Each structure stands twice: as C-alpha cells, then as structure tokens.
Amino acid sequence: MQRSTDRVLTTHVGSLARPEALLDTMREKEHGRPYDADLFARQVTDAVADVVARQRETGIDVVTDGEMGKVSFATYVQRRLDGFSPDSGERLLPPSWQVEIDAFPEYYEGYLGKYSKTVAPMQSVACVGPVSYTGHEELQTDLANLHKALAGVSGVVEAFMPSTSPRGFGRNEYYASDREYYEAVGEALREEYLAIVDAGFLLQIDDPWLIEILSDPTLEPAERDRTAREHAEIVNHSLRDIPTEKIRLHTCYGLNHGPRIHDIGMGEVAPSMLRIRAGAYSFEVANPRHMHEWTIWQDLPLPEGSVLIPGLLGHAQNYVEHPELIADMIGWYASAVGRENVIAGADCGFSSRASYAPEVHPTVVWEKFRALSQGAEIATRRLWG
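Using UniProt numbering, the first residue of the sequence shown is number 1, and each one after it goes up by one.
Note that these hints are calculated values from the structure, not bench results. This one's a predicted model, so the numbers in the text were calculated from it and none came from an experiment. Honestly, I wouldn't trust all of these hints.
[What the hints assert, rightly or not] Below 30 angstroms or equal to it, Euclidean Cα-Cα: the simulated DSS-like pairs (lysine-lysine) are:
# : residue 1 : residue 2
1 : Lys-29    : Lys-117
2 : Lys-246   : Lys-114
3 : Lys-117   : Lys-246
[Stated by the list, open to error] Distance windows between CB atoms, simulated:
#  : residue 1 : residue 2 : range
4  : Gln-140   : Leu-39    : 46 to 56 angstroms
5  : Leu-93    : Glu-220   : 41 to 51 angstroms
6  : Arg-370   : Asp-46    : 31 to 41 angstroms
7  : Tyr-356   : Thr-244   : 37 to 47 angstroms
8  : Tyr-319   : Ser-116   : 18 to 28 angstroms
9  : Glu-233   : Thr-295   : 27 to 37 angstroms
10 : His-322   : Ile-261   : 40 to 50 angstroms
11 : Gly-32    : Gly-305   : 41 to 51 angstroms
12 : Glu-220   : Ala-53    : 19 to 29 angstroms
13 : Lys-148   : Gly-267   : 21 to 31 angstroms
14 : Ala-357   : Pro-86    : 48 to 58 angstroms
15 : Glu-158   : Glu-220   : 39 to 49 angstroms
16 : Thr-295   : Phe-40    : 14 to 24 angstroms
17 : Gly-110   : Pro-288   : 14 to 24 angstroms
Cβ atoms here follow ideal geometry from the backbone N, Cα and C, with glycine treated the same way.
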C-alpha cells in the first residue's frame, strides 16, 4: 500500500453512479426478466473504463471500478454464495435506524421513498444450508474489467476493489450459532478476498456493521463490546495470511442521511475498528456530527505501518466541499498521526445501491473529487513546503 511519502494521496470508498442504460439492463436482470447478457457485459466493461478514466481526470490517485456491475455494495454477494434462499420473514431496519425514525417520523416518511428509484428492492435472504463461494466467474469478470480499464489510463498510484465483510446480508437458520454462521460466511468470502489480492489490487473490506453493532440500542454496553470483539475476530480470521499492507478497512455510520443525533462518537468506534487487521482505516469525517473528532487520534496510537483515510467528502449532500477546508482537515490528521500516514478520502460510497437517484448527483461527485485533489495539493504545499 502506497503512503503519502512526498505528497498527500487521494482516494474514495468505492461505489459510483451507474449509467442509466446499464441501470435499465440491470433492472431486468435483477427482476429475473429476459435481458441481453452480452449487452450487460459490454455496458459494465465500458462503465468501468469510463469511471476509472474520470477518477484520474479529477485527480484521484487510488482508484476502483465504481462497483458498476453490482446491485449493492453488500447484497451483490448473495449471488456469489450458496446456502441461502429468499427470506419470507419481514425485513427489519437496523436498530440504529429505527431510533432515528422514531425520533423524526415525518422526515423519514419522505426520505425512505428514495429507495423506489433503485433498480431492485433489497432482497432478504436466510442461510438454509452450508455456505460456499460460487461467484468465481462474476469475480473474475470484475477483476478483468478493472485491469482493462487501468491499461487505458496513466498516473494511477494503486487500485482497490471493495468486498463486503461477513455480516449484514442474511439471517442464520442453519448453523448452531450466529458465530459459527459468520465464520462460515467469512471462510467463503475469503476466496474473494484472496482473488482480489492475487490479482494485484488492494482489498477493501466494507464493514458498516461494526458501527451498527456498537450502536445497537437493544444491547447492553458490555454485550456490544463482546459482539464487536467477536466480529473483529471473525473478520481477522477470514483475512489471515493476507499481507496487512494489502487491506483497507472501511467502516461508516451507514446510508442513513438523516439528522443522526443518535450516532455514537468515533472515540467509541476507533478502538474496535483498530482491532481489525488492516493497513488503512477509512471512516466518516465530513459528516458534521463527526468532523470535530479528529482529536481522538492525538492520543490513540495507530498500529505500526497503518494509515488513516479520513472521509473529507460527504456522501449525504450535494455541496462541494471547499479545497481550503479539505486542506485544513488533512492538516488536522497530519498533525495527529504524521503527514505520511494520511490519505484523503470520502465518507462513504456515492451510489451504494444501483439507483436512478443516487445519494449524490453524478455530476456533483466529479466536482467533489476535483475539490479533494485541489485540497490535497494545498495541504501538500503546507506540509512539505
């Protein structure tokens, strides 16, 4: 994993808006209706090439495929694992969401309507048999598309590929305990993790579930900590023998773009986050509920060799952050952990689900990336002279 050795590097979290024509084809595919598989493959390949080129054009150093072929950052994996079936039970929102909905019902009545613009509803699944990985062909297509796209651009420092953590997309009805279930999922996903690293990419583990565990109002504090420790152990086991410098961990407060007055502080999250073995840690900062929390890193030591990827671009609003503010925030983190240990990033993905109405308008995302690059340039001049 490259570090900011002589300038501040830039990256983001992963998902970007899919082109509308691709969404049209994906919608038919996800609903089980007839679709042109060859057309879908070409559309995904072309979309990856376009977003990789645009990431470089706007100044992003560490790029990715934008998750063009995935319907969601998490539920895509339902197509790649065996042992699951559709869940007939009611799909419940995470407990941390429900607290906010209960506090602001009028706001959420309108907000939740945005999900009608996705290409397909979130599919609940239940584990009903032994879990195994069957997504080799889809994964190889993703890896090949990213390799092909990278061959068409210059100046990329590194490339990463996101993969979900072994939690949050299915209910256990087969294994004797939830721990045994998550361990089985982690062992299956390990095949994806290894393939990404073997292909020469950084592996990013998308893990909003860690903060969800720590935020769960239905659990007592001691139970939250126990569950978070168990979760870290399971993730670490699935990552065993993968070089730490090949792993990025992304955790966040989720896709809930609401008031968020019930968020726990990053000071409660960071110690649990650092239990998961990674070379880089990505988390929310531009979220104004957490922008002030950079000071925790003055006292909390980083694992040796690791870097921080503070999110300096908001994923919940269409303002374009000012480069001077971005440079200031980079300076905060550099003062706490060292300039070489900071890579400028984003809070979360900009289209976590394939949607005709993504979280941030695509034209705005590219301007945000330009602002991030400009802010990194300003910070570089301040920090290196």
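**Asked** Of the hints given before, which are not true for this structure?
**Response** Numbers 2, 3, 4, 5, 6, 10, 12, 13, 14, 16 - these are the hints that the structure violates, sorted from lowest upward.
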